[in-house]
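From first to last, the protein sequence lines are chains U and V. Each residue of the first sequence is one higher than the last, beginning at 1 in this note's numbering. Each residue of the second sequence is one higher than the last, beginning at 1001 in this note's numbering.
Note that these hints are calculated values from the structure, not bench results. Cβ coordinates follow ideal geometry from the N, Cα and C atoms, glycine included. Certain hints may be false.
Computed far set for chain U versus chain V, every beta-carbon distance over 10 angstroms [to be verified]:
id	residue
1	W47
2	P92
3	S110
4	K149
5	G321
6	A361
7	A394
Quick list of the computed label-pair ranges, beta carbon to beta carbon [claimed, not checked]:
id	chain 1	residue 1	chain 2	residue 2	range
8	V	P1117	U	A362	31 to 39 angstroms
9	V	D1121	U	G360	34 to 42 angstroms
10	V	E1119	U	H399	26 to 34 angstroms
11	U	A362	V	E1119	32 to 40 angstroms
12	U	D51	V	P1117	42 to 50 angstroms
13	V	D1195	U	K356	49 to 57 angstroms
14	U	D382	V	E1063	41 to 49 angstroms
15	V	E1126	U	V420	27 to 35 angstroms
16	V	E1119	U	L26	58 to 66 angstroms
17	V	G1019	U	A403	56 to 64 angstroms
Chain residues, written in single-letter form:
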Amino acid sequence: MTSMVAGTSLVAELLGGPRPAEWKELREAAEARLADRDLPTTADEDWKYLDLKVLAGISFSPAPRAAVDISGYLLPEMVGTRQVFVNGHHAPHVSCASAVPAGVRFFPMSTASEACHALGSMGHGVEKGFFEDLNTVRFGDGAVILVPKNLKVALPLHLLFITKAETPAAVFPRVLVVLERGAELELVEEHHGAGTYLSAPVIEIRVAEGAILHHERVQRESPEAYHLGTLRAEVAKGAQYHSRTLSFGARLSRQQPWIRLAEGAQVTLDGLALLDTDQVADTHSFLHHAEPNSASHQLHKCIVDGKARAIFNGQVRVAPGAQGTDAKQQSRNLLLSEAARVDTKPQLEIYADDVKCSHGAAVGQLDPEELFYLQSRGLNADDARNLLTYGFAADVLTHIPVASLRRALRQLVLARTQAVSLGDLT
Amino acid sequence: MLSIKNLTASINGTPVLKGIDLEIKAGEIHAIMGPNGSGKSTLGKVLVGHPSYEVTGGEVLFEGQNLFDLEPDARARAGIFMGFQHPIEVPGVSNASFLRLAYNKKAEAEGREELDPLEFDDFIHEKIKLVAMKEEFLDRSLNEGFSGGEKKRNEILQMAVLEPKLAILDELDSGLDIDALRVLGDAVNRLQRADRALLIITHFPRILETIQPQFVHVLSGGRILKSAGKELALELEERGYDWVLEEAAAGGAR
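Kindly generate the complete structure, drawing on both the sequences and the hints.
Right under this line is the structure:
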């Protein structure tokens, strides 16, 4: 009972205070929905394994503007194509969009509200999530990316969300990405931070007919952070959306991607979570094959050490009439300690008969045959173990198109898997 | 170099090797042949320390050292190499990184200088010519998505990188077409020297036309039934294995 009361006051607290004036209708609708809702609890089937009680004990307040040194986050391929948001506010002095090609619109929402009529429209008719609505009520600023018809953007765009919390803060990053017909883009979205804070980002994406979006998502929040993210993507006829979500940080995190595939759409939804100490990372994904002949490919990997816990719930729905659907899902998990834990649940709902759907879930330790093979080449047992652990994770990084990001993440994985002693494997 | 005396081994409590005796000297090439399920692959795996097998008796000395005192990785660093029939795939680790790591671990153990990525790049480009491997296979994950033949090519590349004293090649010819078999056979021949030895494990005599052994042993039921020169391989090609088994049975009855 205590937690209920505390939960209610948390919601009131998060909703209170001055708020931005734009998108009034959108915000009011979200607020009306929230009026009937509380913070999700483990009694909620969807939140069964992720206990948010810990949030109720923290008093979050809006994060003020702050100055940050971003030199450690810069990537050479994206020097002139970045927008930076600090504590939810756009940071013009450290942003630089000078290399963004003409025609592409890449700007903070606060400067261009008229372009954002699509905001809040992805996943129309689908129930909004608690943190999604919270974001809609509270978000201050965010990024808008619009790529016009048939424009293939050569340089990747970089979105940096940095939170610096002196006292517990709440931030609500918001992103809207629209690729018009035949457009192509690579987008890198990163979340970094320091201190105790709650970040509830909402990313909305529309990939129009024949367009292709590659989306790399890096979550490196502070170890005391709470990250509760929502992604809504609508992938139109013959369009492609390929995303990879890499979770390293946060005390507690949840990724909730929802993707609708139209006819012939192709989607990749890969994920990697590297967890240690008492981290909890939850992925609840929903792939909706709404029309015929679409394909989705999902590989979700977790390495869990210490007392950490990984949760995966992968829902795939093949709508009636969505014949020719090809859906592959794999959840693979490596447990490195006795106290580590994984809960994985594939959930297939198939309402069409001519489909190819496969799923698999594996939880375990390293394969003794693989260990032996490496040992037979002269690597001692520890080195072999570390190399395989590294490889298990690095597998998800292999096809990251931005070389410097790929290298940086491989270094991070090397360090986190005790494989550094093996030298430079990147 | 290698001295096997009355070696017995089992898997899950079932005896597979029932008393093997074999002497291999530096510079020699030996072939172990036999029907399927004879125990010939087991012999190779026991020598390199595969964890599924339990050694139940006998001894194996490698350059005077008791092999079973050494962990599998120490055996490799001591100079024993096995080319596997079914090499394992390791996603996420590039072939080149893995080869450099294996090379450097061995160099470290021998007190030789380790190679940095650039030096190794030059080194490995010479080696891949030997096995006619395409460069792209260096950047791909170790064995991942390689065809059967490409995996075998990669095994011999590893052998060329590690330059073992004793190489055990298990069913090298399986999954290889004739051209690839000739390329890899030639590569193995070029790696052979007076201070090295080869143990070829094979069901089919075909590979022994390229890699010509001085000694051929027929293994069946966990025992070596017959040992002779390379002419035995030709005879097996013509007559199959049954006559050796029958001869051994008759010999046993006498």
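### Query
Is the nearest Cβ of chain V still more than 10 angstroms from the Cβ of U:P92?
At roughly 39 angstroms from the nearest Cβ of chain V, U:P92 sits farther out than 10 angstroms, so the non-interface label holds.
### Message
Assuming the hint says 26 to 34 angstroms, is it satisfied by the Cβ distance from V:E1119 to U:H399 or not?
### Response
28 angstroms Cβ-Cβ, so the 26 to 34 angstroms window holds.
### Task
Please settle this one: U:A394 was flagged as non-interface, so is its CB more than 10 angstroms from every CB on chain V?
violated, 4 angstroms
### Message
Given a hint of 32 to 40 angstroms, does the C-beta separation of U:A362 and V:E1119 actually sit inside it?
### Response
holds, 39 angstroms
### Message
At 10 angstroms, judged by beta carbons, does U:G321 keep clear of chain V as stated?
### Response
holds, 35 angstroms
#### Entry: C-beta pair V:E1119, U:L26: status relative to the range 58 to 66 angstroms that was hinted
This hint holds: roughly 60 angstroms between Cβ atoms.
### Query
Hey, does U:S110 actually stay past 10 angstroms from chain V on C-beta?
holds, 41 angstroms
### Query
Are all C-beta atoms of chain V more than 10 angstroms from that of U:A361?
holds, 17 angstroms
### Query
Range hint 27 to 35 angstroms: satisfied by the CB atoms of V:E1126 and U:V420?
holds, 29 angstroms
### Beyond 10 angstroms from every chain V Cβ - status for U:K149
holds, 36 angstroms
### Task
May I ask you to test the hint 42 to 50 angstroms on the CB atoms belonging to U:D51 and V:P1117?
At roughly 46 angstroms between Cβ atoms, V:P1117 and U:D51 fall inside 42 to 50 angstroms, so the hint holds.
### Query
Does the Cβ-Cβ separation between V:D1195 and U:K356 fall within 49 to 57 angstroms?
holds, 56 angstroms
The structure is inconsistent with the numbered hints 7, 14, although it conforms to all the rest.
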